[in-house]
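A.B. asks: Just so you know, the protein sequences line up as chains V and Z, in that order. Numbers given in the working numbering equal positions in the first sequence, counted from 1, plus 21. Numbers given in the working numbering equal positions in the second sequence, counted from 1, plus 7.
By construction, these hints were calculated from the structure, which means they are not laboratory data. All residues carry an ideal CB built from backbone N, CA and C; glycine is no exception. Certain hints may be false.
From the structure, some residues in chain V lie toward chain Z, with a derived Cβ separation under 8 Å [stated by the list, open to error]:
#, residue
1, 38
2, 121
3, 125
4, 126
5, 129
6, 143
7, 145
8, 159
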Amino acid sequence: MSQGPVVISVEDLGKSYRLGAIGGGTIADELRRGWARLRGRPDPDAPVDTASPGRAQGRTFHALCGVSFRLREGEVLGIIGRNGAGKSTLLKLLSRITTPTQGRIRMKGRVASLLEVGTGFHPDLTGRENIHLNGAILGMQRREIAAKLDEIIAFSGIEHHIDTPVKRYSSGMKVRLGFAVAAHLEPEILIVDEVLAVGDAEFQRKCLGKMKDVSSSGRTILFVSHNMTAVLSLCSRVVWIDAGRVAADGPPEEVVAAYLGSYAQSGDEVAWAPGEGPGTDLVRLTHAAVLPQDPGAPLTMRSPFGIRIGLENIGVKDDDLNIGLRVLNDHDLVLFASTQADAGTDRPPVPHGRFEVECRIPGDLLNEGSYHVVVTAFRGARLHFITERVLSFTVHAGERRGAWFGRQAGLVRPRLSWSIGPMDQAT
Amino acid sequence: MSAIPNATAPDPEGGFTTEIGPQRSLLAIDLRELWRYRDLVLLLTRRDIVTVYAQTLLGPLWVLLQPLITTFTFALVFGKAAGLAPPGMPGPLFYMSGLVPWFFFSGQVTKTSRTLTGGAHVMTKVYFPRLVMPISTTLSNGFTFLVQFVALAVMIAGYALAGGMAWSPGPQLLGLPLLVLLMGALGLGTGILISAATTKYRDLSFLVGFGVQLLMYASPVILPLSRLQKFPTLLRVFELNPMTAVIEAFRAMLFGGAVPWDGLAYSAAVTAVVLLVGMMTFNKVERSFADIV
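Extracted from the complex, chain V is given alone in its bound form (with noise of 0.2 Å):
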């Protein structure tokens, strides 16, 4: 399938913009940019901090650097990376929304993008209306997209509404009339972006059998996710951009492991210098650590791991000193607080000096995410410090249950067992 004709080749690329130019704004703002300047002073609009500075250089910030590929008919190529890797620049590259500042792309036949769905609808006109002028932005002749006509209405599933103005539809409406009528595109390239991230199962089920089908017709398909289950099931290749530069190109397998390897290590251990963890003069935090069930790997929804607290007892003599911590998702919601005495009369007394405690977090329990943790420790029943976040990880879905590709909902994600039966016939 890959033995196919390149038909996308991408040279060098490079997008650079200048910092603090811009957004331009007002003439006012532009006046008192040059005043400063005259002066030697700095740009008074010029951002404060850049989330990477390596990729700034004096004015110029480098989004995306040297970035080369090449891709064959048939082939789906999956992109990932962080956010603010350069993954979306490089789309709006590929789709020609803005363009390069060094090297070159080079494409073969019909290119689609759909960075959203929906483009360019108006409001005012009706669900059919709105299908032809979509399908025109997008780039569709006026009789492809007559002769598609009944199709895109089928697929998208709101006939009875098809010839109601389209403000009247609800958000999930126009989706589905948008993801129709990009389905219909037929193009020889398809590139699209997270698009998997809106609509209900049914409807993400019918997307992903549909990128499938384009897929398997011969055709070449670009796709950007952050849901590595969907980039796993559905890509042939995936590139793994960061900080501006392709950092790896092969096998999904591969490189999306790479990936979360690399995100597994940030957050997840931390150490402060004596006398400058948090907590107080009595008891100090001197270390924090998340232990995946294997060194190195990526937590994963299934397996279990361990939260390493070391600490330094100073002052406190009597021994109920009881150190917890809480589990707090992306939300700043508490999961759960689970404190020493958690685990009953069996408990240790708290040693003088360093020491080291860890609490074990099973498997099949918490939900794909990220979370954070604050440690807390009690005197007695009184809270004597609790720290601000010391720790942050996260949890991948790593497998997937069922026929949906998105994050299940539910805070929590245990694994439970379901039985079937005959119905008791006594009641």
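Following the hints, complete the assembly by docking chain Z onto the known chain V.
C.D. replies: Chain Z in isolation, oriented as in the chain V frame:
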């Protein structure tokens, strides 16, 4: 654009249909590509026409009411109250025949000047030749002009039949379509030039509406040039306005009279320059404007 890199060795991976790179000539307008998107042009034109008056009570009647009410007001204020009635022609006919081309021009400028800022939500998500937008705006604006022109024609016929005026246009009536093209091009050029500039300086969007309105007072919409002979400075200001000769010529072609060819030549020259500079600026800005809006 699709230059063959090496003519001696055949490129085994040749046949690329699209090439995206940093360099592009300022005047490189891909007309073939634009033609491929003609359906989009027509659909956008239709959308503009259909949706402007959506959820209004009078709907498309507004297209006629705008110039008619303005004509009536001008006839009352300038014609009657201020005693500036135009010579040799019923007042309403004079104002209407100035306002119809003026509305076409001012609509061109204000609407196409919103192309990039107003269309940003679409243009940052999908690629199509950006000129599609101002071209479809021009077409929908041309449609509005046509409707208003028909109203003007009906008015002329009414006056002529009622005997209020002898209507005797010469063969120059045939020049009207060319005049309309000139106005459209002048408005388009000015509009896209402003559009390109507003992506950087939002101030301009405030200036446009106001500026266009001021410009009307420096045109013969209200005062015919013949009334300005006693004020040479003012006359010179009027003559600097490229729309002055266009409106004078519009009336001359419509009602018979001397067409100001010298003035028209000036207007045509200004139009050519503005359109060229506008295209170049627009071309330059559209490549990177997604980064700054």
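A.B. asks: Each hint should be assessed against the structure and marked as holding or not.
C.D. replies: The hints, checked one at a time:
no.	hint	result
1	38	6 Å, holds
2	121	5 Å, holds
3	125	4 Å, holds
4	126	4 Å, holds
5	129	5 Å, holds
6	143	6 Å, holds
7	145	4 Å, holds
8	159	6 Å, holds
In this structure, every one of the numbered hints holds.
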